[in-house]
Amino acid sequence: MLDLNLELRQGPFTLQGPLTLDQPVTGLFGPSGCGKSTLLRAIAGLARPQTGHITLNGEVLFDAQRGIHLPPHHRRVGLVFQDSQLFPHLSVEHNLLYGFKRLSPKQRRFTLAQILDLLDISHLLQRRPRHLSGGERQRVALGRTLLASPRLLLLDEPLAALDEGRKQQILPFLRRVRDELRLPMLYVSHAINEILYLTPHLAVMEQGRILGQGPFLEVIRQDHILGLARSLGLENVLQVTVSRHEPDIGCTTVHYDYHELHLPLSALPLGTPTWIALRATDVALARQPVTEITIQNQVPGRILDLRRVADRIVAEVDIGVPILAEITVKAVHDLRLAEGDTVYCLFKARAWHYLGAA
Amino acid sequence: MLDLNLELRQGPFTLQGPLTLDQPVTGLFGPSGCGKSTLLRAIAGLARPQTGHITLNGEVLFDAQRGIHLPPHHRRVGLVFQDSQLFPHLSVEHNLLYGFKRLSPKQRRFTLAQILDLLDISHLLQRRPRHLSGGERQRVALGRTLLASPRLLLLDEPLAALDEGRKQQILPFLRRVRDELRLPMLYVSHAINEILYLTPHLAVMEQGRILGQGPFLEVIRQDHILGLARSLGLENVLQVTVSRHEPDIGCTTVHYDYHELHLPLSALPLGTPTWIALRATDVALARQPVTEITIQNQVPGRILDLRRVADRIVAEVDIGVPILAEITVKAVHDLRLAEGDTVYCLFKARAWHYLGAA
Amino acid sequence: ADQITVFAAASTTNAIQDIAALYQKEKGVEVKTSFAAASALAKQIEQGAPADVFISADLKWMDYLDGKDKIVKTSRRNLMGNQLVLIAPKGKAFPVKLEKSFDLPGAFEGRWCSCVQSVPIGQYSQQALTALGWWAALEPRLAAAPDVRSALAFVERGECAVGIVYATDAKVSDKVEVLATFPSDSHSPVLYPAALVQGAKPAAKGFLEFLASSQAAAIFSRYGFTVIK
Amino acid sequence: MWSSLQLTPEELSALGLSLKVGLWCTALVAGPGILLGWLLARVQFTGKAIVDGLIHLPLVLPPVVPGYLLLLLLGKQGPLGHWLYDMWGITLVFTWQGAVVASAVMALPLMVRAVRLAVSLVEPRLEDAARTLGAGPLRVWLTITLPLAAPGILTGLVLAFARSLGEFGATVTFVGNVAGETRTLPLAIYTYTQIPGADGPALRLVIISILLALAALWLSELGSRRVERLLGK
Amino acid sequence: MWSSLQLTPEELSALGLSLKVGLWCTALVAGPGILLGWLLARVQFTGKAIVDGLIHLPLVLPPVVPGYLLLLLLGKQGPLGHWLYDMWGITLVFTWQGAVVASAVMALPLMVRAVRLAVSLVEPRLEDAARTLGAGPLRVWLTITLPLAAPGILTGLVLAFARSLGEFGATVTFVGNVAGETRTLPLAIYTYTQIPGADGPALRLVIISILLALAALWLSELGSRRVERLLGK
Ligand SMILES: Nc1ncnc2c1ncn2[C@@H]1O[C@H](COP(=O)(O)OP(=O)(O)OP(=O)(O)O)[C@@H](O)[C@H]1O
Ligand SMILES: Nc1ncnc2c1ncn2[C@@H]1O[C@H](COP(=O)(O)OP(=O)(O)OP(=O)(O)O)[C@@H](O)[C@H]1O
Ligand code: MOO
Ligand SMILES: [Mg+2]
Ligand SMILES: [Mg+2]
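Chains as they are written, first to last, in my numbering: chain A, 1 to 358; chain B, 1 to 358; chain C, 1 to 229; chain D, 1 to 233; chain E, 1 to 233.
Just to be clear, a hint being listed does not mean it is correct.
Said to hold, decoys possible - Here are the simulated DSS-like pairs of lysine-lysine, each with C-alpha atoms no more than 30 Å apart in a straight line:
id, chain 1, residue 1, chain 2, residue 2
1, C, Lys171, D, Lys76
2, E, Lys76, C, Lys205
3, D, Lys20, C, Lys97
4, C, Lys73, C, Lys60
5, A, Lys167, B, Lys167
6, E, Lys48, C, Lys201
7, D, Lys48, E, Lys20
8, C, Lys92, D, Lys76
9, C, Lys73, E, Lys76
10, C, Lys68, E, Lys76
11, C, Lys175, D, Lys76
12, E, Lys48, D, Lys20
13, E, Lys48, C, Lys60
14, C, Lys90, D, Lys76
Unchecked claim - Here are the computed distance ranges between Cβ atoms for each label pair:
id, chain 1, residue 1, chain 2, residue 2, range
15, A, Asp117, B, Gln288, 49 to 55 Å
16, A, Arg209, B, Gln126, 22 to 28 Å
17, D, Val51, E, Pro137, 37 to 43 Å
18, D, Gly47, B, Gln168, 29 to 35 Å
19, B, Gln126, A, Met1, 52 to 58 Å
20, A, Lys106, B, Gln207, 38 to 44 Å
21, B, Gly165, A, Arg176, 29 to 35 Å
22, E, Pro137, A, Thr51, 48 to 54 Å
Stated by the list, open to error - Listed below are several chain D residues computed to face chain C (Cβ distance under 10 Å; list not exhaustive):
id, residue
23, Pro124
24, Leu126
25, Val172
26, Val175
27, Gly180
If you are wondering where the hints come from, they were derived from the structure by calculation, not from laboratory data. These figures come from a predicted structure and were not determined experimentally. A virtual CB, placed ideally from N, CA and C, is assigned to each residue, including glycine.
All chains, full assembly: derive it from the sequences and hints.
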C-alpha cells in the first residue's frame with residue numbers, strides 16, 4: 001500500500017532507497033542515527049526528498065519529477081514522534097483532541113474514553129505537558145495521534161520510555177488496531193520483541209539505506225544482516241498453521257510439514273498460518289526421545305552443521321526446516337555429537353513466541 | 001553513601017520516603033509516572049523537597065530543618081536527563097566540554113577521546129543538537145555528564161533510545177566506570193536486564209513511594225512487589241559461588257549448597273559469590289535424570305506447590321532453594337505430577353544469565 | 001578665535017543663521033546657534049545652559065528669564081517685529097474685511113488654523129479675533145498647531161480654509177494666499193527681544209550690537225520681518 | 001497646585017482621549033503587527049528588506065516627519081485621504097481617529113518587532129506535529145504559532161499602548177491640537193509647557209499620564225502571568 | 001535640490017553625529033537593558049512594579065518631559081549634574097554625550113522589553129542542565145541564558161539604535177540644537193522645517209536618515225541570521 005523510492009540529503013547524511021510496505025504492520029529496525037526518523041518525516045510530508053516518489057494506496061504523496069508534494073495535513077499520515085512534541089500551551093485533553101475534534105464522527109476510529117482507558121491517562125487530562133513524566137508524555141503523544149485517525153500510522157519508538165507493564169497493555173491494543181481497524185503501521189523500535197509481537201515483517205536500515213525488507217526470517221537470513229538475528233537472540237522463526245486448541249490444558253497445537261508442535265494457548269483461528277520464533281539457546285538436543293519430562297516438543301532431525309562460535313557451539317539441525325541450537329561445548333563432547341547424526345530437538349512450549357499471523 | 005528521607009509535593013503528586021544507597025550501583029525501577037525523575041532532580045538539587053534531608057558521603061546536601069539546600073553546582077552530582085537537554089546553541093563538542101573544561105586536570109576522570117570513542121560520536125563533534133537523531137542526542141548527553149566527572153551519577157533511562165548493539169557497547173563501559181573509577185550510580189531504567197547487568201541492587205518505586213530496596217532477590221520476593229518479577233520474566237534468582245572455569249568447553253561451573261550448575265563461560269574470579277537468574281519458562285521438569293541430552297543441569301527437587309495460573313501451571317520446586325517452573329497443563333497431566341513428587345529440574349546452561357557480583 | 005553661543009527661537013532660524021554666518025565672516029567670531037521653541041531655550045538657560053545671547057519669539061519668555069535674573073537686563077532690546085496675516089490655501093481665497101461688521105465665522109466652513117494659545121502666535125490670534133468680535137464663534141473651530149510652520153502646513157494642504165500666521169511665514173509659502181493683514185492695534189505688538197545671558201562671554205556683546213546693525217536689518221527685512229527703528 | 005485632587009474638565013478630557021486613542025491604536029496595530037511580525041520571522045519573499053525598512057521608518061525618523069507624511073497622504077488633498085473621504089466620508093485630519101492612525105503608525109514597528117522575535121523562538125517542530133494531525137496552515141497558525149508567540153504579542157501590545165500614550169510629534173503634525181478632539185495628554189502637557197510658570201498644571205498631567213501607564217502595565221502583568229500559565233510555565 | 005549628490009558639510013556633520021550618538025546609545029543601553037530585562041523576566045523582588053514603571057516612563061510620556069527631567073537632574077544645577085561636573089568634570093548638557101544619554105533613556109524601555117521577552121522564552125530546564133554540570137549562576141547566565149536570549153538582545157539593540165536615530169523631543173529639550181555638537185539628523189530636519197521653503201534640504205536629510213536606517217537594519221539582519229545559525233536553527 002505504501003511504495004516509495006527516494007533520496008533525501010540533509011547535511012552529510014543521505015537517506016536512500018526503495019521501500020514497499022504491503023503488510024498491515026512493518027517493523028523498521030536499525031542502529032541509532034541510521035535514518036529511521038528521517039524516513040518517517042519524509043513519509044509524513046515533513047521533510048521533502050530531493051528525488052523520488054512516495055505513493056500511498058495508489059495516491060501520489062510525493063513525486064519529485066512531477067513536482068508533487070502533498071502537504072502533511074492532506075496526507076492523513078499519523079506520526080508519533082520520538083520526543084512526543086506535545087503542545088506545551090494545551091492541556092493533555094486538548095492535546096488529545098487536537099486532531100480528533102476536526103474529524104467528522106464517521107472518520108473517527110476511536111473514542112476519547114477508549115484511548116484514556118487504554119493508556120491510563122484519565123487522571124492527567126487537565127495537566128500541562130510540562131507537568132508530565134517522560135512516559136506519560138509518550139502515552140499522550142500516542143493517544144493524540146491515534147485519535148486523529150490517520151490512514152497510515154508511523155510510530156517512532158512509541159514505547160521506549162515505558163515500563164514492561166504498560167508495554168504489555170499497549171501492544172495488544174496496537175495489535176487490535178491492526179486487526180480490527182486494519183490501520184497499517186510502520187513501527188520503529190529497537191526492541192525486536194515489540195516489533196515481532198506486531199508483525200513478522202521487517203525493514204532493516206543502516207547508514208541511510210534500506211538493507212532489506214520482507215518477512216523477518218528472510219530478512220535476517222540475508223548475509224549482510226546476519227548479525228542482527230544473533231544480537232536479538234531470535235534465530236529460529238517458523239511458519240506454522242494452527243491445528244487445535246485445548247483450553248483446558250492451556251495448549252495450542254500447530255503444525256508444519258508433517259510435524260506437530262505444542263505451544264501456549266493462543267486465540268488464533270484454526271487454520272491460520274502464523275509465525276513463531278524461538279531463541280537458539282532455548283533448543284536442547286537429545287539422542288533419543290525423552291520421556292517423563294515436561295518438554296512437550298521433541299522433533300527428530302539431522303545435524304547439518306556444528307560450528308564453534310566463541311565459547312559455544314551453534315548446531316544447525318534439519319527438522320524439515322533448519323533450526324539453530326546453541327549448546328555448550330561440554331554437551332557436544334558428552335554426547336559425542338557429529339554432523340549427520342540424528343537428534344531430537346527439544347523445545348519447551350512456553351519458550352516459543354508468536355510473531356503474528358503470516 | 002547516599003542517604004535521604006524526604007517529602008516533595010508537586011501538584012497532586014507527592015514523592016516520599018527514605019532511601020539509602022550503599023552500593024556501587026543501585027537500579028531504580030518503577031512504572032511510568034511513579035516519581036523516578038523527580039527523585040533524581042531532588043538529589044541533584046534541581047527540586048527542593050518540603051521536608052527531610054539528603055546526605056552524600058556524610059555531607060549534608062539538603063536539610064529542611066536546618067535550612068540547608070546546597071545549589072546543584074556545588075553538589076557535583078551528575079544527571080543524565082531523560083530528554084537529553086542538550087544546549088541547542090552549542091556544538092556537540094562544546095556540549096561535551098561544558099562541564100569538563102572547568103575541571104582541573106586532576107579532577108577529570110575521562111578524556112574527551114575516550115568518551116568519543118566509547119559513544120561513537122566523533123563524527124558528530126561539529127554538529128548542533130538539532131541535527132542529531134534521538135539516539136545520538138542521548139549518547140551526547142551521557143558523554144557530557146560523564147566528562148563533568150561527578151562524584152555521583154544519576155542516569156535517567158540513558159539507553160532507552162539506543163539499539164541493542166549500542167547498549168551492548170555502553171553497558172560494559174558503565175560497569176568499568178563502576179569498578180575502576182568507583183563512581184557510584186543511581187540507574188533508572190525500565191529494562192531490568194540493563195539494571196541487573198550493572199547491579200543486583202534495586203530500589204522499587206510506586207506512586208511516589210519507595211516500596212522496597214535491597215538485593216534484587218529480596219526486593220522482588222516481597223509480597224507487595226511480587227508482580228514485578230513475574231512481569232519481568234525473572235522469577236528465579238540464585239546466589240551462587242564460582243567454582244571452576246573451563247574455557248575450552250565454554251563452561252563456568254558454580255555451586256550453591258552442595259549442587260553444581262553449569263553456566264556459560266564468565267570472567268568472574270573463582271570464589272566470587274554472584275547472582276544468576278532464570279525465567280520460570282526456562283525450567284523443564286522430568287521424572288528421571290535424562291541422558292543423551294544437551295541439557296547440562298539436572299537438579300533433583302521436591303514439588304512444593306502446583307498452581308494453575310491462567311492457562312498454565314506454575315510449579316514451585318525445592319532444590320535447596322525454591323525454584324519456579326512454568327509448564328503446560330498438558331505436561332502435568334501427561335507426567336501425572338503431584339505435590340510432594342520428586343522431579344528433576346532441567347536448565348539449559350545458556351538460559352541462565354548473570355546478574356552480577358553479589 | 002572667540003566663540004559665542006546664541007539661543008534663538010525656531011521662527012528666527014533663517015534670519016539668525018544668515019546673520020551669524022555674516023558676523024563670523026566679518027568678525028572672525030565663531031557663532032554657535034541652537035534653535036528650538038523659546039520655551040525650551042528659556043528652561044535650558046534657567047538650568048545654566050552655556051548660552052551667551054538669547055533671542056526670543058515673544059516677550060513673555062524673556063520676561064520669565066528676566067524675572068529669574070538670568071539675563072543682563074540692560075542689554076535687552078527688541079530686534080524686530082512681525083505682522084499677523086490671515087491666509088487661505090492657494091486658489092481658495094475669498095474677500096475678507098477685517099472689520100467687526102464682517103462675518104468671518106460665516107465666511108468659511110470647517111476649522112481654521114493657528115497655534116495653541118500658549119505660544120505667542122496663538123495669543124496674538126486670540127487678541128486680534130477678540131478685538132474683531134469673532135473669537136467666541138471661532139474658538140471651538142480652532143485647530144491648533146504646535147508651531148507656526150505646522151499651522152502653515154495645515155493651510156497649505158487645504159485642511160483649514162483659513163489660518164492666522166506671521167507675515168514672514170506666509171511670504172515664503174507659494175501654496176497660500178494672504179487674505180488680509182491684521183491691523184497692528186488689534187493685538188499686542190509682535191516683538192522679538194534679545195539679551196545677553198548672565199555670565200555671557202565678552203565677545204557676545206559685539207554680536208548683540210551687530211543684530212541691531214543695518215546689515216542685520218537688511219537680512220531681517222529680506223525675510224519679511226519689520227525692522228524696529 | 002494640588003489644591004484639588006479632582007480632575008479639571010480639560011484634564012478629564014485629555015485623559016479620556018488618551019485612553020481612547022491608546023486602546024484603538026492598540027487594537028488597530030494588533031492585526032497587522034501580528035501578521036507582519038510572523039511574515040518577517042517565517043516567510044522568505046522578495047522585497048522583504050523593503051517591507052522591513054518601511055515598517056521601521058516611523059521609528060528612525062523624528063516623529064514630525066511621519067506626521068507630515070501622513071498629512072500628505074491622508075489629508076483632504078492626499079491621494080488616500082481623498083479617496084477615504086469620497087468613498088466613506090471619513091476625515092482623519094483634526095479627528096481622534098486620525099490621532100489613532102498617527103500613533104498606530106508610530107507603534108507598529110514596536111509591535112512587529114516583538115511579534116517577530118517571539119515567533120522566531122517558536123519551535124517549528126510543534127508546528128510539524130500539528131500538521132501531521134491534520135491541521136492546515138491557517139489552523140496551525142491560529143492554534144500553535146500564535147498562542148506560543150503570545151508573550152511576544154502581549155509585549156507588542158503593551159509597547160504599542162505605551163507608545164501611543166507618549167506619542168506627540170506625529171499626532172500634533174497630522175491631526176493638530178484640537179481641544180476635546182485630538183488633545184491627548186502629551187498634547188495637553190505640551191500646551192502647558194509653552195506657558196511660563198505653568199509647571200504645576202503640566203506636572204499634574206504628567207502624573208496622570210504616569211498613573212495611566214502604571215495601570216496599563218499592571219494590567220499587562222496580569223495578562224502576562226495568565227499567558228505564562230497558559231504556556232504551562 | 002538634487003543639484004548635488006555630495007553631502008554638504010552640515011549634512012555630513014548631522015549624519016556623523018547621529019551615527020556616533022546612535023552607536024554610543026546602543027552600547028550604553030546594552031548592559032543595563034540586558035540586566036533589567038533578565039531581572040524582570042526571572043527574579044521576583046519587592047518594588048518590581050516600580051522598577052518596571054520607571055523603565056517604561058520615557059515611553060509613555062511625550063519626549064519633551066523626560067528631556068526636561070533630564071535637564072533638571074543632569075543640568076549644571078541638577079543634583080546629579082552638579083556632582084558629575086565637580087567630581088569628574090563631565091558636562092552633559094549641550095554635548096553629544098548628553099544626546100547619547102537622552103536617547104539611551106528613551107531607548108531603554110524598548111531594549112528591556114525585548115530582552116525580557118526573549119529571556120522569558122528560554123527553557124529553564126537547559127539552565128538546570130548547566131547547573132548539574134557544575135556551572136554556577138553567573139556561568140549559567142553567561143553561557144546559557146544570554147546566548148539563548150540573543151535574538152531578543154539583538155532585537156533590543158536594533159530598536160535602541162533605531163529609536164536613537166529618530167529621537168528628537170528629549171534630545172532638543174535636554175541638550176539643545178547646537179550644530180556640530182548636538183544637531184543630529186532629526187534636529188537638523190527640524191531646523192530646516194522651521195525655515196519656510198526649506199523643504200528640499202529637509203527631504204534630503206530625511207532620505208539620509210532612511211538610508212542610514214536601512215543600512216543598520218541590513219546589518220542587523222546579517223547579525224540575526226548569524227544568531228539563528230548559532231542557535232542551531
Ligand atoms: N511540575 C509538575 N507538576 C505537577 N506534577 C508533576 C510535575 N512534574 C511531574 N509531575 C507528576 O509527578 C509524577 C512523577 O513524575 P516523574 O517525572 O518523576 O515520573 P517518572 O517516574 O520519572 O516517570 P517516567 O518513567 O514516565 O519518566 C507524575 O505523576 C507526574 O505526572
Ligand atoms: N537536520 C539535520 N541536518 C543534518 N543531519 C541530520 C539532521 N537531522 C538528522 N541528521 C542526521 O541524519 C541521520 C539520521 O537521523 P535520524 O533521526 O533519521 O536517525 P534515527 O534512525 O531516527 O536514529 P535514532 O534511532 O537515534 O533516533 C543521523 O546521522 C543524524 O545525525
Ligand atoms: O520626539 Mo517628539 O517630536 O517630541 O514626539
Ligand atoms: Mg529517531
Ligand atoms: Mg522520568
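Tested hints:
Of the pairs offered as hints, the one joining C/Lys171 and D/Lys76 holds, with about 24 Å between alpha carbons and a cut-off of 30 Å not exceeded. Between E/Lys76 and C/Lys205 the alpha-carbon distance is near 24 Å, which keeps this suggested pair within the 30 Å criterion. With a CA separation close to 41 Å, the supplied pair D/Lys20 and C/Lys97 exceeds the 30 Å bound. A hinted pair counts as satisfied when its Cα atoms are at most 30 Å apart, and C/Lys73 with C/Lys60 qualifies at roughly 14 Å.
Between A/Lys167 and B/Lys167, the direct Cα distance comes to roughly 20 Å. Compliance with the 30 Å bound is thereby established for this hinted pair. A threshold of 30 Å between alpha carbons decides the hint, and for E/Lys48 with C/Lys201 the separation of about 48 Å lies outside it, so the pair is violated. Among the hinted pairs, D/Lys48 with E/Lys20 is consistent with the structure: their alpha-carbon atoms are about 28 Å apart, no more than 30 Å. Distance hint between C/Lys92 and D/Lys76 is fulfilled; the C-alpha atoms sit about 14 Å from each other, no more than 30 Å.
Between the alpha carbons of C/Lys73 and E/Lys76 the distance comes to roughly 23 Å, so the proposed pair stays at or under 30 Å and holds. The hinted pair formed by C/Lys68 and E/Lys76 meets the criterion: a straight-line CA distance of about 16 Å does not exceed 30 Å. This hinted pair checks out: C/Lys175 and D/Lys76 have alpha carbons roughly 15 Å apart, not beyond 30 Å. The straight-line distance between the Cα atoms of E/Lys48 and D/Lys20 is roughly 28 Å, inside the 30 Å bound, and the hint therefore holds.
Restraint check for E/Lys48 and C/Lys60: the C-alpha separation of about 43 Å exceeds 30 Å, so the hint is violated. Restraint check for C/Lys90 and D/Lys76: the C-alpha separation of about 15 Å stays at or below 30 Å, so the hint holds. At about 50 Å, the beta-carbon gap between A/Asp117 and B/Gln288 stays in the expected band of 49 to 55 Å. Restraint check, A/Arg209 to B/Gln126: a C-beta distance of roughly 24 Å satisfies the suggested window 22 to 28 Å.
As the Cβ distance of D/Val51 to E/Pro137 is approximately 41 Å, the hint placing it in 37 to 43 Å holds. A hinted range of 29 to 35 Å for the beta carbons of D/Gly47 and B/Gln168 is inconsistent with their spacing of about 57 Å. For B/Gln126 paired with A/Met1, a C-beta distance near 40 Å fails the hint of 52 to 58 Å. Take A/Lys106 and B/Gln207: their Cβ atoms lie about 40 Å apart, and the range 38 to 44 Å holds.
The hinted range of 29 to 35 Å is satisfied by B/Gly165 and A/Arg176, whose Cβ atoms lie roughly 32 Å apart. Checking the proposed 48 to 54 Å range against E/Pro137 and A/Thr51 shows it holds: the Cβ atoms sit about 51 Å from each other. Checking D/Pro124 against chain C by beta carbon gives a least distance of about 48 Å; that is not within 10 Å, so the hint is violated. With its C-beta approaching chain C no nearer than about 49 Å, D/Leu126 sits outside the 10 Å limit, and its interface hint is violated.
Restraint check, D/Val172 versus chain C: the minimum CB separation of about 5 Å is within 10 Å; hint holds. Using the Cβ-Cβ criterion of 10 Å, the hint placing D/Val175 at the interface with chain C is satisfied: the shortest such distance is roughly 8 Å. The beta carbon of D/Gly180 comes within 9 Å of a beta carbon in chain C, closer than 10 Å, and the hint placing it at the interface holds.
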